[in-house]
Amino acid sequence: MTVVKKPAVPNQPPPLVTQPTRRSLRRRQSVLVQLWRFLMLNLRMVRMIRKAHR
Amino acid sequence: MAKIVILGAGIAGQAAVTLLRKKLPRKHEIVMISPNEEWNWVPSNIWVGVGIMGAEQVCFPLAPLYERIGVEFRVGAATAIHPEGDASSSRPFVEYVPAGTGGETRRESFDFLVNATGPKLNFGATPGLGPGEGGHSWSVCTAEHAVEASAAFLEAVERMKRGEEQTFVVGMGHGSCTCEGAAFEYVLNVEHELKRHGVREKGRIVFVTNEPELGDFGVGGLFLRHEGYVTPSHFFAESLFTERGIEWVKGANVMEVGPGRLAWESPDGSEGELTHDFAMLLPPFAGVGLQAYDRNGEDLTDRLFAPSGFQRVDADYGAKAFGEWSPRDWPETYQSPHDPRLFAVGIAFAPPHPVSRPIRTPRGHTYGPTVPRTGMTAAVMGATVAESIADLVRKGPEAPLHRNPFATMAVACVASAGAGFRLGSAATITMYPLVPDYERYEYGRDLESTTGEIGLAGHWLKYLLHYLFLYKARCRPGWSLIPE
Numbered sequence: 644m645t646v647v648k649k650p651a652v653p654n655q656p657p658p659l660v661t662q663p664t665r666r667s668l669r670r671r672q673s674v675l676v677q678l679w680r681f682l683m684l685n686l687r688m689v690r691m692i693r694k695a696h697r
Numbered sequence: 217m218a219k220i221v222i223l224g225a226g227i228a229g230q231a232a233v234t235l236l237r238k239k240l241p242r243k244h245e246i247v248m249i250s251p252n253e254e255w256n257w258v259p260s261n262i263w264v265g266v267g268i269m270g271a272e273q274v275c276f277p278l279a280p281l282y283e284r285i286g287v288e289f290r291v292g293a294a295t296a297i298h299p300e301g302d303a304s305s306s307r308p309f310v311e312y313v314p315a316g317t318g319g320e321t322r323r324e325s326f327d328f329l330v331n332a333t334g335p336k337l338n339f340g341a342t343p344g345l346g347p348g349e350g351g352h353s354w355s356v357c358t359a360e361h362a363v364e365a366s367a368a369f370l371e372a373v374e375r376m377k378r379g380e381e382q383t384f385v386v387g388m389g390h391g392s393c394t395c396e397g398a399a400f401e402y403v404l405n406v407e408h409e410l411k412r413h414g415v416r417e418k419g420r421i422v423f424v425t426n427e428p429e430l431g432d433f434g435v436g437g438l439f440l441r442h443e444g445y446v447t448p449s450h451f452f453a454e455s456l457f458t459e460r461g462i463e464w465v466k467g468a469n470v471m472e473v474g475p476g477r478l479a480w481e482s483p484d485g486s487e488g489e490l491t492h493d494f495a496m497l498l499p500p501f502a503g504v505g506l507q508a509y510d511r512n513g514e515d516l517t518d519r520l521f522a523p524s525g526f527q528r529v530d531a532d533y534g535a536k537a538f539g540e541w542s543p544r545d546w547p548e549t550y551q552s553p554h555d556p557r558l559f560a561v562g563i564a565f566a567p568p569h570p571v572s573r574p575i576r577t578p579r580g581h582t583y584g585p586t587v588p589r590t591g592m593t594a595a596v597m598g599a600t601v602a603e604s605i606a607d608l609v610r611k612g613p614e615a616p617l618h619r620n621p622f623a624t625m626a627v628a629c630v631a632s633a634g635a636g637f638r639l640g641s642a643a644t645i646t647m648y649p650l651v652p653d654y655e656r657y658e659y660g661r662d663l664e665s666t667t668g669e670i671g672l673a674g675h676w677l678k679y680l681l682h683y684l685f686l687y688k689a690r691c692r693p694g695w696s697l698i699p700e
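In the order they appear, the protein sequences are chains A and B.
Position in the first sequence (first residue = 1) + 643 = this note's numbering.
Position in the second sequence (first residue = 1) + 216 = this note's numbering.
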């Protein structure tokens with residue numbers, strides 16, 4: 644059945660969907676953490692490119 | 217001396233033409249026939265569509281490039297393939313209509329033909345869909361469409377700054393659409409830009425998709441290992457939307473787009489309707505309508521092309537039920553079974569069937585997302601076919617073809633969730649294999665290689681790839697070191 648989710652509104656119960664913690668949200672935008680993730684993502688991309696060009 | 221004709225200067229066609237030119241000496245002629253005078257890095261059109269990039273940042277003119285690297289360029293649309301020639305000559309040729317000639321056809325002979333024509337944007341499939349005459353929605357499929365969408369989006373933002381509330385609808389304009397990832401990126405960028413303009417609280421954003429679940433992306437969704445659990449992708453997609461206050465309608469077969477309203481059919485047969493102030497809805501794709509004839513002028517179109525208009529290649533097109541679909545149904549060489557001199561890559565090849573489970577409604581409609589054949593997969597197919605043709609030219613017709621099975625391709629996709637060096641974000645997704653194989657993997661794919669994460673680093677990567685692929689397409693020094 645089609646479900647239309649309403650946007651979260653203050654003072655309402657949280658939606659029944661997995662939500663990131665404040666720590667996760669901070670990590671997603673932290674320059675230091677993301678510099679490290681950028682290096683890791685590039686390594687992951689290299690692995691995928693090697694697989695794609697076998 | 218061999219002559220190779222490539223139809224279509226998109227991502228797949230450009231990968232094929234540049235690699236062929238690199239591999240083959242200049243005595244071999246390479247001809248590009250394309251209706252587009254400019255090359256467009258389509259994945260960045262979503263940024264054009266929200267007004268943070270101009271068309272000139274995602275396009276460049278092809279004629280000077282082809283002159284520099286030694287490719288003949290014909291600006292025009294191919295109309296027919298004659299693989300056996302005609303009564304006057306047995307040499308195969310393709311007919312095309314040059315731009316600005318008012319319909320007069322010309323012919324270009326070939327020894328090998330690569331069909332990389334991409335899709336016809338089939339706005340006509342849904343009444344009122346599209347930015348053209350009689351249309352009530354916008355598109356970001358081409359740079360020109362994205363510029364128009366951006367102007368309409370920024371007008372809506374201005375209305376919000378004056379205090380008006382606006383509803384934005386983004387998604388798929390028909391049940392059989394593909395490229396859900398592009399609409400997914402666009403809706404996240406719309407939300408990000410409304411926040412940046414300081415008007416988010418005045419906007420309702422609704423994502424309308426033909427996917428049975430969010431995060432299906434036409435590949436049947438994916439499973440990701442995360443914090444000790446194996447979690448289906450729809451959990452992450454729903455989380456991203458809920459976090460941003462984006463509503464969604466899934467499994468929608470959009471039936472009609474009117475001025476300021478949109479109607480769809482749901483999987484249970486019920487109807488839904490929304491009013492909107494701005495709608496960006498992608499069209500379904502069809503083949504560009506190429507015809508084929510034998511030497512006597514008899515129509516070969518049904519043998520070379522599937523009913524959708526896409527070209528048949530070395531795939532298994534036998535009719536099968538959903539449970540009988542196999543990764544082995546998908547092509548490996550992209551060569552036509554009808555004629556070994558013909559190849560089709562990117563969106564131009566006919567998929568044997570979808571990957572996602574089709575939706576059947578009580579009214580008897582069957583629809584669902586089609587597998588994406590764009591971006592990295594398109595470029596890899598173009599390069600694979602270029603390697604095969606270069607070997608056939610240099611070593612003769614017995615040279616083995618290069619194989620890169622579509623089903624077992626490794627794919628990487630960076631989906632923007634908003635631009636900005638400090639506040640940008642993108643979901644970086646890798647997937648192997650592209651077509652799930654439940655005989656080989658418990659969850660259909662290798663969980664080591666199938667990953668996803670969102671963050672600022674993804675945006676930096678997307679931005680880097682934007683410049684890297686434009687550099688590669690322009691054949692700047694060292695371009696061939698940059699992989700597809």
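Derived by calculation from the structure, the hints in this document are not laboratory data.
Remember, predicted model here, so these are calculated numbers, not experimental data.
Just to be clear, a hint being listed does not mean it is correct.
[Unchecked claim] Listed next, the in silico DSSO-like pairs over lysine-lysine satisfying Cα-Cα at most 30 Å (straight line): (1) B:K418 to B:K377; (2) B:K238 to A:K694; (3) B:K239 to A:K694; (4) B:K243 to B:K219; (5) B:K611 to A:K694.
[Said to hold, decoys possible] A few chain A residues that face chain B, going by a derived Cβ cut-off under 7 Å, partial list only: (6) R666; (7) F681; (8) I692.
Heads up, the beta-carbon is just placed ideally off N, CA and C, and yes, glycines get one too.
Hints, one by one, checked against the model:
1. B:K418 to B:K377: holds, 9 Å
2. B:K238 to A:K694: Between K238 (chain B) and K694 (chain A) the Cα gap is close to 23 Å, so the pair holds against 30 Å.
3. B:K239 to A:K694: With a Cα-Cα distance of about 22 Å, the restraint between K239 (chain B) and K694 (chain A) holds, given a limit of 30 Å.
4. B:K243 to B:K219: holds, 9 Å
5. B:K611 to A:K694: holds, 27 Å
6. R666: Hint violated; R666 (chain A) Cβ to chain B Cβ min 13 Å, cut 7 Å.
7. F681: holds, 4 Å
8. I692: At about 5 Å, which falls below the 7 Å cut-off, the nearest Cβ of chain B leaves the hint on I692 (chain A) intact, so it holds.
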